[in-house]
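**Student:** Letter by letter, the chains look like this.
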Amino acid sequence: MRRIGDAPVVRRLLIGAALVLSALFLLLPLVAIFAQAFSEGVMVFWANVSNTFTLHAIGLTLMIALLTIPVCLVFGVALAWLVTRFSFPGRRILQTLIDIPFAVSPVVAGLIYLLLYGRNGWIGTWLDGYDIQLMFSWPGILMVTIFVTCPFVARELIPLMQAQGSREEEAAVTLGASGWTTFRRVTLPNIRWALLYGVILTNARAVGEFGAVSVVSGAIRGKTNTLPLHLEQLYQDYNAVGAFACAALLAFIALLTLSAKAGLEWRAARREAFA
Amino acid sequence: MALPTIFRRSLIAIALGVTVSGTAAAQERELLNSSYDIARELFAAINPEFQAWWQEEHGEEIAISQSHGGSSAQARAILQGLRADVVTFNQVTDVQVLADAGLVAEDWQDAFENNASPYYSTTAFLVRKGNPKGIESWDDLVKEDVQMVFPNPKTSGNGRYTYLAAWGFAENEFDGDEEQIEEFMRTFLANVAVFDTGGRGATTSFIEREIGDVLISFESEVNNIRGEYGSDDYEVIVPPVSILAEFPVAVVGENAERNGNSDLAQSYLEYLYTEETQRLLAGFNYRVHNETVVEEFADQFPETELLEVDEVFGSWDEAMETHFEGGALLDQLQRR
Amino acid sequence: MSQLATWRTGSTRVLPGFGLSMGISVLFISLVLLLPITGLFGQLAGLSLAEYWAIITEGRVVASYMVTIGAAAVAAIINAIFGLLLAWVLVRYDFPGKRLLDALMDLPFALPTAVAGITLATLYASSGWMGGLLEPLGFQVAYTWVGIALAMAFTSIPFVVRTVQPVLEDLPAEVDEAAMSLGATDGVAFRRVILPHIWPALVTGTGLAFVRSLGEFGAIIFIAGNMPYETEITALMIFVKLQEYDYAGASAIASVVLFVSLALLLAINVWQGRFVRRLHGGKG
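Protein chains in written order, with UniProt numbering: chain A, 1 to 275; chain B, 1 to 336; chain C, 1 to 284.
The shape of chain A in the complex, shown without the other chains (with noise of 0.2 Å):
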């Protein structure tokens, strides 16, 4: 059966335009980010990345990755049940308000976390009595970037959730399964494309985050400096290879999120042919 835009000369216009489109739009400024980061060799390429401070800052941002897509993973599917499954008083306020990180700078959401958790800030001053610093250190970056992730996973799933109703749930629920079996048999394999979506775009935001990081990181070498951070220090110290050299591995790091979910697509179309 023929399906629509499947006509060869539909098919190839569109194709070229994206492809093209692409090139110029997305795929240009990344050649331009290698071609500087290689533009005076391998050797010193490498003898920027495996600079002490460089590797930390890989480990750091890293780290504040693999924590912050759990945290938001929860919360977004938590919420997305939420509103799109029942309805109640204040649904679409609540909606909204998830909103509000992309509606912060962020820098500005840097600095309302540094405000309340500072020295001068009504929680940070009461950690300071037991010698608790959460700015300044690891989990200040972390608490910033949950702030500014937080809706991405949400995000993906409301509209997807929205559109495919709760027929299936109740079937399910009706016929005696349990809440939680329901939700792994019959939600998750709906869902899994946009929750994938939802970590990839958390993922990339994550490791790429710098305004909100910025102010509450304290940018201190080999301890707080992400890889965005020393990335910019690099750059403002006249290195700009170094700093390119960061950029290119910050663009990998979000190409290994994408073949992770290729290598999962791969394993489910596997399991479909078996099945």
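Hints were generated in silico from the structure; no laboratory data involved.
Simulated crosslink set (EDC-like; lysine to aspartate or glutamate; CA at most 20 Å straight-line):
no.	chain 1	residue 1	chain 2	residue 2
1	A	Lys261	C	Asp94
2	A	Lys261	C	Asp102
3	C	Lys98	A	Asp6
Covered by chain B, according to a simulated footprint, are these stretches of chain C (three or more residues, beta-carbon under 8 Å):
no.	region
4	46-60
5	120-126
6	219-227
7	230-240
A partial selection of chain B residues facing chain C, derived with a Cβ cut-off under 8 Å:
no.	residue
8	Lys154
9	Thr155
10	Asp196
11	Thr197
12	Arg209
13	Gly326
For each residue, glycine too, the CB sits at the ideal point set by N, CA and C.
Model the placement of chains B and C on the given structure of chain A, informed by the hints.
**Tutor:** Then chains B and C, alone, in the frame of chain A:
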């Protein structure tokens, strides 16, 4: 599902992160120096020297951590609890903010020689090869066909110095006639091609985007840039009249005490005044006070009349209030 | 709690998990989102209404609203079209390089915005690859508001693509097969059958892209030129206030952006709810 794989990977990464931060937190005492954004290599050169010296003098091994960022962002972090022991900034106002909050001693400018500024610089010009527009001083910049690049005085201390230097020059030139000074400044500001938010962005605009005829920045900066991007393609012009740009240092008393680093912090900043360090600083194109070193580097730093902010504008506070705050002179001069 | 139970039984739903998902959501939103936001309003409390008004209506700031909103609107429209095209091509067709194209979509998020800004400025300045081509044609991008719109479009493209993509993927083949068997042309079938399904996602994605553009700073300042009254964006005004340690002023301008953004997003959410209800025959 692939959840277990993801989980395993995250555990490895967390372990990695913890061990890396674990090794950093060794037994030895550790000094945290909060500094401005273009001083990374400078302190990377100074720190090992100081560590060796301290080891020799006191037989103690110490670690020094660096934090770099925009001077006022750095001050903000300290105000909100970043436990830096010392600050080495490029803006007097940013140390003053810490003093106003009680983190730095009120008389911090007397705590070390030369207003607690171990090195200084001034505002200078970088022009393209052969100086095609013949730019020698501030009045050459208001010519119709001249385009300038310097950072936004609203966001950058570097840009504020440029603005104040031009103002100081005009005040001398026009004998304090307000109307003429403002007219001069209006033309001056209208000749700016791009207002980048910081010195580094302005450099990129001038060098890599090839915008403008002249880049205005700290003398140390323009010399470093010329060294970095080819001494044949650019020339440094130090105008006969310019402004004194101090690079103030201070011990953040409260933090140093809490970290048990008071003695270390004091010595670290004193060390910046030693002859060896002053020589090192001069090598990074900063002007220094040590007589011997000044003589050695005499060729590198042309004689020039340096205006002082306190003398021309009363004080930094007054300069900020009359010129840079929202709705103040700068805003009025840029209105069109 | 008893009231919660009433709401729950009041709906026609039989699904479990209301309490749990409500608990997690409310706790998270309160701690992570609302608590810090109170800090923003705490700063505003130090201002009188007149002071607040003076800050947010200052000439230079108002000019920056115009620049920001105009450029963000252009960027959002570009992204709606380009994003829909990309999502469609990625879901519906197989072609060499598809994986790479898919991967490229997330690039704007993974790159720190400053890198994107520096790179775009390098490419589109008159000395750059693209600028060198466009400028002789009389088309200046860098240091004009076109450059601002370009940087905004770049940083927010993933919103549209990744929001539309899962909904398209979820669309069963029977939907368009049925449309095609009725003999409709591609264009008509797309408009009548596909678009209604992806419309909410497309609007949401575009709205998010627009809102994100309003707050963007790092990517824009390098390409904007930052000339007073002409190419200064609102985020720069906030940054200036922060540099002056004027947290109240920064919070005041930030609150304007926040209110505008939230109002827009709330409108989209309400509209979306109505739309989905209509689509599901009054039952959503």
